[in-house]
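Undergrad: Listed here are the chains, written in short residue letters.
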Amino acid sequence: MDAGDIGWWGVPIAIVGGAIRVSTPFLFVSLGETITERSGRINLGLEGTLVFGAMTAYAVTVVTLSPWLGVLAAMAAGTLFGLFHGWICKFPRVNDIAIGIALMLLGTGLAFFFGKPFIQPSAPDLPAISLGWWSDIPQVRAALQINVLFLIGAALALFLWWAFRTTRIGLVLRVVGDSSDAARAMGLNPDTVRLLATAAGGALAAIGGAYLTLYYPGSWNEGVSSGQGLMAVALVIFARWNPLGCFAAALLFGGAGALGPALQSVGVTQGYYLFYAAPYVLTLVVMILTSSPGRALAGAPGELTVAK
Amino acid sequence: MTRQPSVSRRRLLRTTAAGAALGLAAPFGPRQARAAGTTIGFIYVGAKDDYGYNQAHAKGAAALKGMKGITVIEEEKVPETVDVQKTMESMINLDGATLLFPTSFGYFDPHMLAMAKKFPRIQFRHCGGLWTADKHPPNTGSYFGYIGQGQYLNGIAAGHATKSRKIGFVAAKPIPQVLLNINSFLLGARAVDPAITCQVIFTGEWSLAVKEAEAVNALIDQGVDVVTCHVDSPKVVVETSARRGAFVCGYHADQAALAPAKYLTGAEWNWANVYKMYVEKLLAGQTLPNFTRGGLADGFIKMSPLGPAVSDAARKQFEATLADMMKGSFAVVKGPLKNNKGDVVVSSGQAFVETAIELESMNYLVEGVIGSTS
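Same order as they appear, the protein sequences are chains A and B. First residue of the first sequence: 1, per this note's numbering; consecutive thereafter. First residue of the second sequence: 309, per this note's numbering; consecutive thereafter.
Isolated chain A, as found in the complex:
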């Protein structure tokens, strides 16, 4: 440890590093939710799926010593949660938001229950790639320790953006999301599409959880999520149901979250509670600036209960 005094340079480095470190759960949950919402359903239960995925990934890794098996197990658990949500919601007059809240409580409760024996043990971490080899500054190197899941998430955002626009599956998803009647006229079954879309969303959200327990902060405890799954669901609206927007929003939230500790570390110590509120203030400002009483949110799928 021969760190030079980098002073105020620590703040931008911390924001970049924080954006990369903290954003991955936001990214996966919001991408998952984008798929689900594009099919015309809202799954608010992703916070529960995230926490349950976090616990499952950690528990499986502690037992098998393979973090990738942990990620796979989390995906399986997330898929189950998604299928459950999609299955209940296909019944008439079932409110998807209410079911989502119920599943959120169920997921966190089950995770706390099954996770009890796994608070103490340590599990091996997911691998990270060092992209800071070009720099002599240890802080830069540390900030550019990039986890594989972050890269996968970034690639996935790009892929989903392309797939929504140009592939048949993307088109089917969008049709179902915009008009059930049109979808039925095309011979599609909206319930099946939504079931699969919710399952995919659940699987992605659970990967976000796996990142929390297997990389950063890298251990399972009951406060590991502290509401990140819920924030990510809100990010989808912020990102206008666009996967690339999700990526940007996740980075923004990650970076804003790093602002508070980074400013304190360079001696800006007054009013840290305000800095901690920065991401939320930012969201409010953007939402207010871009909303209009006269029309639905641009980009909102027509079948969404909140857009109707």
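A few of these clues could be false.
Said to hold, decoys possible - Only pairs whose alpha carbons sit at most 25 Å apart, straight line, appear in this in silico DSS-like list of lysine-lysine:
| id | chain 1 | residue 1 | chain 2 | residue 2 |
| --- | --- | --- | --- | --- |
| 1 | B | Lys610 | B | Lys649 |
| 2 | B | Lys649 | B | Lys584 |
| 3 | B | Lys481 | B | Lys610 |
| 4 | B | Lys649 | B | Lys635 |
| 5 | B | Lys373 | A | Lys116 |
| 6 | B | Lys394 | A | Lys116 |
| 7 | B | Lys584 | B | Lys610 |
| 8 | B | Lys373 | B | Lys589 |
| 9 | B | Lys367 | B | Lys589 |
| 10 | A | Lys116 | B | Lys624 |
| 11 | B | Lys426 | B | Lys394 |
| 12 | A | Lys116 | B | Lys385 |
Claimed, not checked - Computed footprint of chain A on chain B, listed as stretches where at least three residues anywhere in the stretch have a Cβ under 8 Å from a Cβ of chain A:
| id | region |
| --- | --- |
| 13 | 345-358 |
| 14 | 503-511 |
| 15 | 623-634 |
To be clear, the hints were calculated from the coordinates, so they are not data collected in a lab. The C-beta atom is built at its ideal place from N, Cα and C for all residues, glycine as well.
Using the hints, position chain B against chain A.
TA: Coordinates of chain B only, in the frame set by chain A:
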């Protein structure tokens, strides 16, 4: 304020269920149903195996479980809200607890005080609250350990280990006990080298895993090479520091297993002694003390065994200071001492030994600590 109902929901449910099962009416309340002996309730704010604050208390509670005639009941993850009042009420009404230990800082005022007024025959002892005879009910009280001594010893180990002369502290909230710990940590390090500074980062909450990890990263980015903390579960701080290559001093419980090579030492609670003392007094029919305090010499706190990275010089100074503290009346905070805004807070010749009550209302960070209390 609305009046609280005198029968809690759980009590009502239980009495009706029991009444239905036995075919009896309400007069047979839970008190009759309770087994002989004494029931003691412990309330934790987090999980009781969190490698930290709650685990330390749960270990103390576990030490009571073998005692004859004692039943220990516990509830974890109770928020510092009106929820804890409900928990206390149901422990009293439902389980027949006669002595309660609500262990988290925020339980004291107003929650425990409200319950103590409502149940004047039940004893309440709170961890860390500043109990005063003229302000608080006689059936309440508080106990705490002088863990600042432990942080001073942590500071000595850190002062020898640091190369950058910058040490770091991840703190939850700027309350007196946390401020005393931060100041003690720095003063311990300055006993080794007066040029050392301590950077503090407040996370704002007792348990916020991601923010704690970010705080450690921010500290290490600024050249800090020894980190300690005062949060409920130090696991994240210990693991993240070790992963970044910094040394770490533990808190609350022994975290050496999480970072065997980087763990210097740690300030640990030893609550079993304290809880046993209360229970022995209770069983002997004596009145329980209202205000209980103790330090290293009293066995209220202890230090983790020194880690492999501790040098011989560090070990010598550590052990000498520890021996001084074991004699009692060791003053960590002594004049002349300025706060980090330049005002004199302890004048020359003045010294606060660990028992000094002034330390429990500390509201400043001493010179050399970079940080602010608001």
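Undergrad: Work down the list of hints and note, for each, if the structure agrees.
TA: Here is how each hint holds up against the structure:
Under the criterion of a C-alpha separation no larger than 25 Å, the hint pairing lysine 610 of chain B with lysine 649 of chain B is inconsistent with the structure, at around 33 Å. Of the supplied pair hints, the one linking lysine 649 of chain B and lysine 584 of chain B is violated, its CA atoms being roughly 43 Å apart against a limit of 25 Å. The suggested pairing of lysine 481 of chain B with lysine 610 of chain B holds, with an alpha-carbon distance near 23 Å, which does not exceed 25 Å. Restraint check: the Cα-Cα separation between lysine 649 of chain B and lysine 635 of chain B comes to about 34 Å, which exceeds 25 Å; the hinted pair is violated.
As the CA atoms of lysine 373 of chain B and lysine 116 of chain A are separated by approximately 21 Å, the hinted pair is consistent with the 25 Å bound. Distance check on the hinted pair: lysine 394 of chain B and lysine 116 of chain A sit about 24 Å apart at the alpha-carbon level, within 25 Å; holds. Straight-line distance between C-alpha atoms of lysine 584 of chain B and lysine 610 of chain B comes to about 17 Å, which keeps the hinted pair within the 25 Å bound. For the proposed pair lysine 373 of chain B and lysine 589 of chain B, the alpha carbon gap of about 16 Å is at most 25 Å, so the pair holds.
Straight-line distance between C-alpha atoms of lysine 367 of chain B and lysine 589 of chain B comes to about 20 Å, which keeps the hinted pair within the 25 Å bound. For the suggested pair lysine 116 of chain A and lysine 624 of chain B, the alpha carbons sit about 41 Å apart, so the restraint of at most 25 Å is broken. Straight-line distance between C-alpha atoms of lysine 426 of chain B and lysine 394 of chain B comes to about 12 Å, which keeps the hinted pair within the 25 Å bound. Straight-line distance between C-alpha atoms of lysine 116 of chain A and lysine 385 of chain B comes to about 12 Å, which keeps the hinted pair within the 25 Å bound.
Evaluation of the coverage hint for the region 345-358 of chain B: fulfilled, as 4 residues show C-beta separations to chain A shorter than 8 Å, against a requirement of three. Coverage of the region 503-511 of chain B by chain A holds in this model, with 5 residues showing a Cβ closer than 8 Å to a Cβ of that chain against a need of three. Here's how the region 623-634 of chain B fares: 0 of its residues keep a CB closer than 8 Å to some CB of chain A, so the rule of at least three is not met and the hint is violated.
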